[in-house]
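Trainee: Here is what each chain is made of, one letter per residue.
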Amino acid sequence: MQTEDFSIDEIHSELRQRAGDCGAIVSFVGLVREFDEDASIQSMTLEHYPGMTEKALADIADKASQRWSLGGISIIHRVGTLAAGDQIVVVATASAHRRDAFEAAEFIMDYLKTDAPFWKKERTSQGERWVEQRHSDLSSTERWHK
Amino acid sequence: MSDQVSVLYFASLREQLGCDREDLQLTDELSTLEDVQRHLAERQGSWQVVFGGSANILSAVNQQMARADTAIKAGDEVAFFPPVTGG
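In the order they appear, the protein sequences are chains A and B. FYI, the working numbering numbers position 62 of the first sequence as 62, with every residue one higher than the one before it. FYI, the working numbering numbers position 46 of the second sequence as 46, with every residue one higher than the one before it.
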């Protein structure tokens, strides 16, 4: 968790070193969109639950490690006020073969969206509003229960 | 102090209630998350709207997601918040 921006290059290098002999690194970066529904977004504020958010992310990473063979995982999520186009989150996974890294990265993002205590508030041209959870996010996580 | 729990509120709930945390005295009638929620709904105004209505509220005990029937004890940290929207 951090308020400042992150460098995908540094995260990539750090994970590459830490993971040792891995054949694949997959990274996902989430960005603040310029439009949501039909309003243009001026800024977005991310709130979290200090303590619980860290535990929830560690728990999600543990679940991914049990399910796939991974050499390492990096998760960074920003909090505070961000502008349109800013980076919000990065999830990077390293593994011997690409499938494990691809699937684990998607699994971590899906769980992060439904289980980690973060809340977005958008400042748009039409005023401020709390973002509502999407049903499609819940069904994305549910498909991993199989 | 000894028989209290901390209760935390986040995001839209915190704004609606105008409160980010408080201490609650535990009693015999206040021993599960559901009891706490019912107790809060008995207050007037936005408390009744938030906790007495049909809003989807998530809860945690000691920083772990918890169901309504979860028992609470003195010293626990209880939290209520809306569905999460990170990522």
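Rather than coming from a laboratory, the hints here were simulated on the basis of the structure. Careful, some of the hints might be misleading.
[Said to hold, decoys possible] Think about it this way: if two alpha-carbon atoms lie no more than 20 Å apart in a straight line, the pair counts; the simulated SDA-like pairs of lysine to any residue are:
| hint | chain 1 | residue 1 | chain 2 | residue 2 |
| --- | --- | --- | --- | --- |
| 1 | A | Lys121 | B | Ser6 |
| 2 | A | Lys63 | B | Ser6 |
| 3 | A | Lys55 | B | Gly45 |
| 4 | A | Lys63 | B | Arg43 |
| 5 | A | Lys55 | B | Gln64 |
| 6 | A | Lys55 | B | Arg67 |
| 7 | A | Lys121 | B | Glu42 |
| 8 | A | Lys55 | B | Val61 |
| 9 | A | Lys121 | B | Ala66 |
| 10 | A | Lys55 | B | Gly18 |
| 11 | A | Lys55 | B | Met65 |
| 12 | A | Lys55 | B | Gln16 |
| 13 | A | Lys121 | B | Asn62 |
| 14 | A | Lys121 | B | Gln64 |
| 15 | A | Lys63 | B | Gln64 |
| 16 | A | Lys55 | B | Leu17 |
| 17 | A | Lys55 | B | Ala55 |
| 18 | A | Lys121 | B | Arg67 |
| 19 | A | Lys121 | B | Arg14 |
| 20 | A | Lys121 | B | Asp20 |
[Claimed, not checked] Computed far set for chain A versus chain B, every beta-carbon distance over 10 Å:
| hint | residue |
| --- | --- |
| 21 | Cys22 |
| 22 | Glu47 |
| 23 | Gly51 |
| 24 | Gly80 |
| 25 | Thr114 |
| 26 | Ser139 |
| 27 | Lys146 |
[Unchecked claim] A few chain A residues that face chain B, going by a derived Cβ cut-off under 10 Å, partial list only:
| hint | residue |
| --- | --- |
| 28 | Tyr49 |
| 29 | Glu54 |
| 30 | Ser69 |
| 31 | Gly71 |
| 32 | Gly72 |
| 33 | Ser74 |
| 34 | Ile88 |
| 35 | Val89 |
| 36 | Asp110 |
| 37 | Trp119 |
| 38 | Arg123 |
| 39 | Glu132 |
| 40 | Ser136 |
For each residue, glycine too, the CB sits at the ideal point set by N, CA and C.
Trainee: The structure should be examined with respect to each hint, and the outcome stated for every one.
Mentor: Against the structure, the hints come out as follows:
With a CA separation close to 25 Å, the supplied pair A/Lys121 and B/Ser6 exceeds the 20 Å bound. For the proposed pair A/Lys63 and B/Ser6, the alpha carbon gap of about 29 Å is over 20 Å, so the pair is violated. A C-alpha spacing of about 34 Å is found between A/Lys55 and B/Gly45, which places the hinted pair above 20 Å, so the restraint is violated. Taken as a hint, the A/Lys63 and B/Arg43 pair is broken in the structure, with Cα atoms around 40 Å apart against an allowance of 20 Å.
In summary, the hint linking A/Lys55 to B/Gln64 is supported, as the alpha carbons are separated by about 8 Å, within the 20 Å threshold. Our distance criterion of 20 Å between C-alpha atoms is met by A/Lys55 and B/Arg67, whose separation comes to about 18 Å. For the hint pairing A/Lys121 with B/Glu42, the CA-to-CA distance comes to about 29 Å; that exceeds 20 Å, so the pair is violated. With a C-alpha separation of about 13 Å, the suggested pairing of A/Lys55 with B/Val61 holds against the 20 Å cut-off.
The straight-line distance between the Cα atoms of A/Lys121 and B/Ala66 is roughly 24 Å, outside the 20 Å bound, and the hint therefore fails. For the hint linking A/Lys55 to B/Gly18, the alpha-carbon distance of about 27 Å lies beyond 20 Å, and the restraint is violated. Distance restraint check for A/Lys55 and B/Met65: the Cα-Cα separation of roughly 11 Å lies within the 20 Å cut-off, and the hinted pair is therefore satisfied. Distance hint between A/Lys55 and B/Gln16 is unfulfilled; the C-alpha atoms sit about 26 Å from each other, more than 20 Å.
With a C-alpha separation of about 25 Å, the suggested pair A/Lys121 and B/Asn62 falls outside the 20 Å cut-off, and the hint is violated. Taking the CA atoms of A/Lys121 and B/Gln64, the gap is near 23 Å; set against the 20 Å cutoff, the hint is violated. Proposed proximity of A/Lys63 and B/Gln64 is supported: the alpha carbons are some 15 Å apart, at most 20 Å. Between the alpha carbons of A/Lys55 and B/Leu17 the distance comes to roughly 26 Å, so the proposed pair goes past 20 Å and is violated.
For the suggested pair A/Lys55 and B/Ala55, the alpha carbons sit about 26 Å apart, so the restraint of at most 20 Å is broken. For the given pair, A/Lys121 sits about 26 Å from B/Arg67 by alpha-carbon distance, which is inconsistent with the 20 Å threshold. Proximity of A/Lys121 to B/Arg14 is assessed by CA-CA distance (about 13 Å); at most 20 Å being required, the pair is judged to hold. A C-alpha spacing of about 17 Å is found between A/Lys121 and B/Asp20, which places the hinted pair at or below 20 Å, so the restraint holds.
Look at A/Cys22: its CB is around 25 Å from the nearest CB on chain B, clear of 10 Å, so calling it non-interface holds up. Some Cβ of chain B comes within 10 Å of the Cβ of A/Glu47; the nearest lies about 5 Å off, and the non-interface call is violated. A/Gly51, annotated as away from the interface, has a beta carbon of chain B within 10 Å; the closest lies near 5 Å. For A/Gly80, the shortest C-beta to C-beta distance to chain B comes to about 13 Å, beyond the 10 Å cut-off, and the non-interface label holds.
A cut-off of 10 Å between C-beta atoms contradicts the statement that A/Thr114 is not in contact with chain B; the least separation is 7 Å. Every beta carbon of chain B lies more than 10 Å from that of A/Ser139, the smallest distance being close to 14 Å; the non-interface claim holds. For A/Lys146, the condition that its CB be more than 10 Å from all CB atoms of chain B holds, with the nearest at approximately 21 Å. With its C-beta approaching chain B no nearer than about 6 Å, A/Tyr49 sits inside the 10 Å limit, and its interface hint holds.
Interface hint at A/Glu54: satisfied, since its Cβ lies 9 Å from the closest Cβ of chain B, which is below the 10 Å cut-off. Taken as an interface hint, A/Ser69 does not check out: its beta carbon lies about 25 Å from the nearest beta carbon of chain B, beyond 10 Å. The interface hint given for A/Gly71 is broken, as the beta carbon of that residue sits about 23 Å from the closest beta carbon of chain B, more than 10 Å. Residue-level restraint check for A/Gly72 is violated (minimum Cβ-Cβ distance to chain B is 20 Å; threshold 10 Å).
At its closest, the beta carbon of A/Ser74 sits 15 Å from a beta carbon of chain B; the interface hint therefore is violated under the 10 Å criterion. Taking 10 Å as the C-beta contact cut-off toward chain B, the hint placing A/Ile88 at the interface holds, the least distance being around 7 Å. At a threshold of 10 Å, the smallest CB-CB gap from A/Val89 to chain B is about 6 Å, leaving the interface hint in force. The criterion of a C-beta within 10 Å of any C-beta in chain B is met by A/Asp110, whose closest approach is roughly 9 Å, and the hint holds.
With its C-beta approaching chain B no nearer than about 4 Å, A/Trp119 sits inside the 10 Å limit, and its interface hint holds. At a threshold of 10 Å, the smallest CB-CB gap from A/Arg123 to chain B is about 14 Å, leaving the interface hint violated. Taking 10 Å as the C-beta contact cut-off toward chain B, the hint placing A/Glu132 at the interface holds, the least distance being around 7 Å. Evaluation of the A/Ser136 hint against chain B yields a violated restraint, the C-beta minimum of about 12 Å exceeding 10 Å.
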